[in-house]
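Novice: Taken in order, these protein sequences are the chains called A and B. The C-terminal position of the first sequence is numbered 398 in numbering that gives the first Met the number 0, with every residue numbered one higher than the one before it. The C-terminal position of the second sequence is numbered 73 in numbering that gives the first Met the number 0, with every residue numbered one higher than the one before it.
Check the hints yourself; a few may be wrong.
Stated by the list, open to error - Within a straight-line C-alpha distance of at most 25 Å, the following computed SDA-like cross-link-like pairs (lysine to any residue) qualify:
1) Lys48/B x Glu71/A
2) Lys43/B x Asp13/B
3) Lys48/B x Asn292/A
4) Lys58/B x Lys29/A
5) Lys157/A x Arg137/A
6) Lys285/A x Lys34/B
7) Lys43/B x Lys297/A
8) Lys5/B x Lys297/A
9) Lys48/B x Ser23/B
10) Lys285/A x Met65/B
11) Lys50/B x Asp192/A
12) Lys70/B x Lys29/A
13) Lys288/A x Ile325/A
14) Lys183/A x Lys43/B
15) Lys43/B x Leu66/B
16) Lys187/A x Lys34/B
17) Lys133/A x Glu22/B
18) Lys150/A x Ala61/B
19) Lys297/A x Leu28/B
20) Lys29/A x Arg137/A
21) Lys55/B x Glu22/B
22) Lys150/A x Gly73/A
23) Lys43/B x His233/A
These are computed hints drawn from the structure, not numbers from a lab.
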Amino acid sequence: MATYLTISEINHYLKSLFDKDQNLNRVYLKGEISNFKSHTRGHLYFTIKDELSRINAVMFMSAAKTLDFVPEDGMNVLLEGRISIYEATGNYQIYVEKMSVDGVGNLYLEFEKLKAKLAEEGLFDPQHKRLLPKYPQRIGIITAQTGAAVKDIISTIKRRYPICETILFPTLVQGEGAKENIVKQLTKAQAYDLDLIICGRGGGSIEDLWAFNEEIVARAIYNSKIPVISAVGHEIDFTIADFVADLRAPTPTGAAEMAVPSIIEVKQMINQYQLQITKLISNNIKQRKQAVNNLSSKQILKNPLMMYEVKEQKLDNLIDQLNKRISYQLQNTKALLKSKISILQVLNPLKILAKGYSIIESQEQIINSTKQLKIDDMLNIKLYQGQIKAQVKELTNNE
Amino acid sequence: MNKKEKTFEEILADLEQIISELESGSIDLDRTIDKYSEAMKLAKTCNDKLKNATTKVNKILAENDMLEDFKIDE
């Protein structure tokens with residue numbers, strides 16, 4: 000007669016076997032951390048693994064607070080602890096008491112090396128980034144045929160922009176053959192008259208995402224003639240594919256949102272344009288009307304005679320100015336003449352003659368010295384009134 | 000006009016071009032009216048394209064390299 004155990008009973012039994020084993024009570028392990036989670040209560044949960052195998056690990060807060068570094072995925076570490084069974088799930092795990100860093104995680108090292116190499120070659124340079132079409136008609140999707148990523152991408156595209164065609168190029172996204180598969184589909188996709196390619200997968204551990212850190216995948220993305228949006232994992236995951244792609248999306252859903260516009264917004268935009276055009280035209284005509292009004296309201300068009308009035312007035316002013324100028328000139332000349340006349344009056348010899356002086360001439364010469372004369376010369380004496388003819392009788396030189 | 004039909008993107012670009020020309024006020028009056036009717040025609044074409052376009056069926060590239068319809072289970 001068989002005895003049926005409950006699950007709790009068998010798990011409890013197995014746990015007691017583990018706990019009795021001296022070897023399991025104190026184990027030293029080395030491996031790489033992945034799936035690292037820090038619980039809010041301070042306990043750390045992660046997986047420790049090598050190339051072939053893995054084991055779950057837990058480090059309770061009391062032990063975790065003695066750590067002198069922040070553990071993260073990809074780190075190679077040395078562990079000390081005991082291995083036991085968590086009865087609730089039946090999983091065995093290592094209860095870590097001490098942990099220290101064992102060099103840099105190999106995958107991270109590879110990642111950084113490849114990143115540096117491709118950056119050096121210029122694969123990430125902004126000038127190689129292709130412009131994404133604003134209104135794509137046909138989008139290629141390179142991801143796993145099943146799973147959340149393909150659903151998220153296609154349903155988001157259909158919701159936002161249902162008139163866009165999608166073609167799925169199904170590929171392995173993790174594990175053996177994934178990188179070759181991605182490259183093959185990227186190459187095939189070139190022949191399908193696509194406006195855009197979305198290439199990616201949903202979230203996972205760094206190992207799960209690793210295909211997108213492979214050099215051949217990076218080069219295939221770089222060589223694509225069609226713009227590529229990368230959408231690998233979650234917001235925090237950065238892969239080489241992200242650096243080389245024309246645009247990095249934080250998630251597959253994000254990639255679809257970046258790839259297509261919202262058809263509602265496009266319709267609104269076109270309506271807006273129609274309103275804008277009508278407004279522009281009516282403003283344009285209004286402005287021209289206003290310009291015509293402004294011109295026709297000018298005084299000169301209303302009263303063209305005014306133009307003459309202005310000129311006439313100007314003419315009058317000029318005449319006035321001219322008159323003023325002439326009379327001034329005339330007065331000046333008159334005054335000048337008057338002064339000259341008075342000078343002349345002073346100098347007039349007749350005036351001197353009136354006082355009793357006279358002028359003596361001989362042979363058409365005015366005589367002012369006896370040396371000019373001889374006895375018997377004829378003299379003509381001019382008086383104030385009348386003349387006298389005379390003859391020289393005697394000459395006295397009064398020197 | 001036997002030219003290849005313009006894409007939605009090209010028509011929209013033409014429309015935007017006319018709007019910026021109208022905004023700059025550099026077009027004379029006679030041509031303004033022409034541009035207006037052209038722009039309205041373009042806007043209508045865009046709207047029609049959006050209205051008449053039907054939801055496209057998703058495709059998948061099958062093993063045999065043929066395109067087949069692809070349904071995602073919601």
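Novice: Next, verify each hint and record whether it holds.
Specialist: How the hints compare with the structure:
Only pairs whose Cα atoms come within 25 Å are accepted, and Lys48/B paired with Glu71/A is rejected, the gap being roughly 51 Å. With a C-alpha separation of about 13 Å, the suggested pair Lys43/B and Asp13/B falls inside the 25 Å cut-off, and the hint holds. Between the alpha carbons of Lys48/B and Asn292/A the distance comes to roughly 43 Å, so the proposed pair goes past 25 Å and is violated. About 47 Å separates the Cα atoms of Lys58/B and Lys29/A, which puts this hinted pair outside 25 Å; it is violated.
Taking the CA atoms of Lys157/A and Arg137/A, the gap is about 12 Å. The hint holds against a cut of 25 Å. For the hint linking Lys285/A to Lys34/B, the alpha-carbon distance of about 17 Å falls within 25 Å, and the restraint holds. Pair hint Lys43/B plus Lys297/A does not hold up; C-alpha atoms about 43 Å apart against a cutoff of 25 Å. At roughly 50 Å between alpha-carbon atoms, Lys5/B and Lys297/A are farther apart than 25 Å, so this suggested pair is violated.
Under the criterion of a C-alpha separation no larger than 25 Å, the hint pairing Lys48/B with Ser23/B is inconsistent with the structure, at around 28 Å. Restraint check: the Cα-Cα separation between Lys285/A and Met65/B comes to about 60 Å, which exceeds 25 Å; the hinted pair is violated. Between the alpha carbons of Lys50/B and Asp192/A the distance comes to roughly 24 Å, so the proposed pair stays at or under 25 Å and holds. Simply put, Lys70/B and Lys29/A have alpha-carbon atoms about 46 Å apart, too far for the 25 Å limit, and the pair is violated.
A C-alpha spacing of about 53 Å is found between Lys288/A and Ile325/A, which places the hinted pair above 25 Å, so the restraint is violated. This hinted pair does not check out: Lys183/A and Lys43/B have alpha carbons roughly 42 Å apart, beyond 25 Å. Among the hinted pairs, Lys43/B with Leu66/B is inconsistent with the structure: their alpha-carbon atoms are about 33 Å apart, more than 25 Å. Proposed proximity of Lys187/A and Lys34/B is contradicted: the alpha carbons are some 44 Å apart, above 25 Å.
The straight-line distance between the Cα atoms of Lys133/A and Glu22/B is roughly 23 Å, inside the 25 Å bound, and the hint therefore holds. For a cut-off of 25 Å, the pair hint linking Lys150/A to Ala61/B stands: about 18 Å separates their Cα positions. Among the hinted pairs, Lys297/A with Leu28/B is consistent with the structure: their alpha-carbon atoms are about 23 Å apart, no more than 25 Å. Between the alpha carbons of Lys29/A and Arg137/A the distance comes to roughly 49 Å, so the proposed pair goes past 25 Å and is violated.
Using a Cα cut-off of 25 Å, the hinted pair Lys55/B and Glu22/B is violated, with the two alpha carbons roughly 37 Å apart. Among the hinted pairs, Lys150/A with Gly73/A is inconsistent with the structure: their alpha-carbon atoms are about 29 Å apart, more than 25 Å. Between Lys43/B and His233/A the alpha-carbon distance is near 41 Å, which puts this suggested pair outside the 25 Å criterion.
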